[in-house]
Amino acid sequence: MSKAATADHASDDNYLTNTKGIMSWIVTLDHKRIGLMYLIGVMVSFAIGGTLALILRAHLYNPQGSFLSNDAYNQVFTLHGAVMIFLFIIPSIPAALGNFLVPVMLGAKDVAFPRLNLSSFYLWCAGAVFFLFALCTTGLDTGWTFYTPYSTTTSTSVIAATTGVFILGFSSIFTGLNFIVTVNTMRPPGMTWFKMPLFLWAIYSTAVIQVLATPVLGITLLLLICERLMHIGIFDPAFNGDPVAFQHFFWFYSHPAVYIMILPAFGVISELMSVHSHKSIFGYRFIALSSIAIALLSFLVWGHHMFTSGMSEITTIIFSALTFTVSVPSAIKVFNWLATMYKGSISLTTPMCYALAFMFLFTIGGLTGLFLGTLTTDLHLHDTYFVVSHFHYVMMGGTLVAFLGGLFHWWPKMTGKMFNETWGRISAAIVFIGFNLTFLPQFVLGSRGMPRRYASYDPEFTGLHRMSTVGAFTLGFGLLVALIVLLHSLYRGKKAPRNPWGGATLEWRCSSPPPYYNFERPPVVGNPYYFGDLEYDAKSDDYVFTEPDREVVPQKLEPAPQHVDSKKDA
Amino acid sequence: MQTLQNLSFVLADVSDGFWFPKTASNFGTEVDFMYKAILWISVAFFVPMMIYMGWAAFKFSKPKGTKAEGKATHNTALELAWSVGPCFLLIWMFYRGSVGYLDMREPPSDAREVQVTAQKWSWLFDYGSGIMNPELHVVKDQPTKLVMRSKDVLHAMYIPAFRVKRDIVPGRYNILWFTPTIATDSLTDEEMQWKSDDPAEAGNILNQGKYFDFFCAEYCGKDHSNMQGKVVVHETQDDYDLWLESANRRPDDQTPEQYGEFLYTTRGCKGCHSADGTAGQCPTFLNSFGAEHEMTDGSKVAVDENYIRESILNPKAKVVKGYPPVMPSFQGQFNDDQIDSVIAYIKSLKK
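Chains as they are written, first to last, in UniProt numbering: chain A, 1 to 570; chain B, 1 to 351.
Be aware that a few hints might be false.
[To be verified] Heads up, simulated DSSO-like pairs for lysine-lysine below, C-alpha to C-alpha not over 30 angstroms straight-line:
| no. | chain 1 | residue 1 | chain 2 | residue 2 |
| --- | --- | --- | --- | --- |
| 1 | B | LYS64 | A | LYS343 |
| 2 | B | LYS321 | B | LYS270 |
| 3 | A | LYS417 | B | LYS321 |
| 4 | B | LYS67 | A | LYS195 |
In case anyone wonders, no lab produced these hints; they're calculated from the structure.
The structure displayed is predicted, hence computed values, not measured ones.
Same shape as in the complex, but just chain B:
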């Protein structure tokens, strides 16, 4: 078996890049090894069988009416040999596959946790402290555990470069873990080049920064094929922290209104509060700034900066009449600049 392993590693180097994207996680080596081992075992069976078949079809091809020269109808020893013989290879595949699988199912206790929410047709990664982003950011050599849930139908997280996949089932949490082994910044242009046959397209990708793809692998409806995203692997914890800080800050080229709209769509406001006047579970944001609302206790409150800020941080304090008190507090999830941006966005919604 050791010989086989050595052999397929030699071959693995030759054909890497044809069968797989570059291996970028702790599981890649094992998965690729098993794939290539099974591949070569299959080739070892398939090629002689087909050569024999071609030879026999040619060699024993006879004019019509010729009697077959062979009379054998069975050979129990031979049949038992080819029934039982391959079983040893099957047992090995099963055993090695199962051991590898168990490793992939047990995240180390020190793994960093990222909460993942999948919905038709977008992803959201919650990095704690209210930082949420549609991209998956992880640190090289740091075990990462994704705790995934779905808001609607089945989805599946699939990161080909990491060789991992797990369905996301509404109503339960599914766990996926991996340790990235290659930082995306360190990918060479050549390694990124396979992303495209079209140089213009490749340049475009390079300009956006380097990343691995992840896909939704379980069919989920209309825009299933657009439900993909980027995995960025940071070289060090410091790089990651730097990104985390920037992810929680208004980009320099965005106005507070634009950033507020971004937060509105990515942080879950949109689910209940419409921006176009549509009635929903909660009051619409359209024309709400400056209006006067009647509260559940009968008092009237004008919607101003202070009321919005209070509603974000302590939403149950003053609830508009006719709506259930369902909004969660965003205390600790929004910083001051973000609250200001949301207020600016709500202000901008006038018709």
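For reference, chain A alone in the conformation it holds in the complex:
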């Protein structure tokens, strides 16, 4: 019969245990530890941003508002947006999961620039400190968009917050640069571009956007700080500046940033759909190239945030046309994922449940984008709850749910522990229901004319707002369940096998959790979506790589296993 893969040599000495003490974490250059520290950081940020969201929804339970003053409301929604975007979503998948996975998926021992990687994490921390500073001093009430001239005239901590974003921008650039170099130079022999896992394609496209777009944000925020301090007269009409110029600058980064947020999620879903269907991803090339297409097109559509701002008619129409083009590659991906399920062998595991929830939510997010790309309807829906709901479906229903799916998927690999599947699925169900209950009513609120960023509202909107508030707390509860499931696994979880889901990418060929150098010896690169040589072993609850029986057996040489054994003996 077939031969099982080599035994788990390094299971008793992994990256979590190979060195001890707080300093071994603080100054670590190990991409896996940095990824884990990032993971903790983004989860804490998410908890803060999520609490702020619940405060907002609780306040909006009543038409006149429940307990916040207008000023407090404005600060809470600003910080909710800024924390979620700059501290959570942008680093969530690339910096936390990406850091952990990119080298492992490449069969490499680390990223190209480990020190740059660590400095990226500390820049992220420094940026977060500036946010905390803004939060604890006079707050910030400009909205996460920092639109001028409001941001140049308000008395709140605009400079602290923009400095924070500026620093976070560099953290993001460092991560992106690192991944571009890593993917370009460290692919193992045999892994051509079109044999890379789709997660790497997604991370690579994201990194391209991060490196090209983020400097524009940096320069914009520097100009904003200059305008505030020195009145250089670029954005503030009181000094002959143009506020619309700020919007162009800002969205030139911030629209591509939307794809920095969603592209890695596409990568995660490509992995999840294929692995948990135990079937090759459908249309690999279309998915891979659509990631690149999205990365390029994302630079050409920023004007659709400004259809009502007073751009010329022709500019507006061109941006509308370009906006529609970006919907095509996204649709291609969704169709391909659905086709992947066809005639598969689907395991409805927790990660798969999150992936299916993603498909539902992201499709709604994408389709509602059509209403906003069409000019006539956009003029009615712009700056209403419809937009709020649309981007939450994309960013939260999309990125966050994919992040959770990815987290559950790679959790056994990262921690070496299995979580409780039943409760994991229950958390996915509660999150799914809570999410829809929160944001479906907001589409109706928006088309009925409820403007966004309102601390109070007209009584006719009360019913829908209350549904949304109830949904938000359900969603919060679901996320809490997910967190408890993960934390519980750390203490009570079964030991994770090497390959609990039956994935064919390289990270499933090292032990769970991986050893410090990831692989004992360079793994053999194959098709990342070929599942034919994976057999389920019920005894160890593991999927093992097999080799087909051969008519002609090669002469016994086997230098490699001996090498490993001798090393262990020594």
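Fit chain B to the known structure of chain A by using the hints.
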């Protein structure tokens, strides 16, 4: 496409009132049609996709370790079909949306102009001849063009019933136009009822007269959410003229002092002249009546009715020493009764 249009109009009638406030302008039909067309196109994609996904998740769900029966990794023809196919629908949306948008951007040459000033956190509509009011009054079937400017930060004019929105950017004029198609007086109580779940609140609104809401849609700071107002659509030009006349007249239940204070706050006096003694760009009104001021030419003038009237109508004639001659003339913007009311208000400011 014609079939689609007919279909969604049928459906539009069914679901009107769920998705939108009542359509009340020339643009409403087109915007609502596009919304519903995209909605049904989206539903036509979304529902089969999700039914398929649910079916596949159920049908192909297998015990652990089962091999997938399908081996397909791609199908170029199929993939090209679903990549290119939806593009035709996208092109149609883009085309129709852009044509409709161009219509919304070109006001007819005979449109009535209303000057709009937005500031933190109030609106002022200038109807010409010095008539200014925080409510927007328009006439049914008469194209109206708003020429909008902001005194401070970004704002946006949003009238959901008319399906129009335009940012108001400091430093430039932004234009918005529409033709109202429904007079607010003609709204039935039922049509107004959606304004509130609470009957008491609805009655309150009805007593104030019927109107459409307009909102500031671009975040502008502390009281952004209070920066809303009423659009009143008059059935005929005569109704409008009647309102215009009353808008320029002291209401019967107000004293001249009260009306003077109203004018002081709504007509821009407040921006420069304080009423509480605070030093500003111009002399304060507090205790000013009866006082003697030194003018720029050295002469002394006692502030009396004649001086105030002259300062309103011809402000540059006698300028108080130490202040720049910046006040604009209100000639033709205030009638005699209004000037009297302002004088009465200034007289009342004594401490």
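query = Which hints, by number, does the structure contradict?
reply = 3
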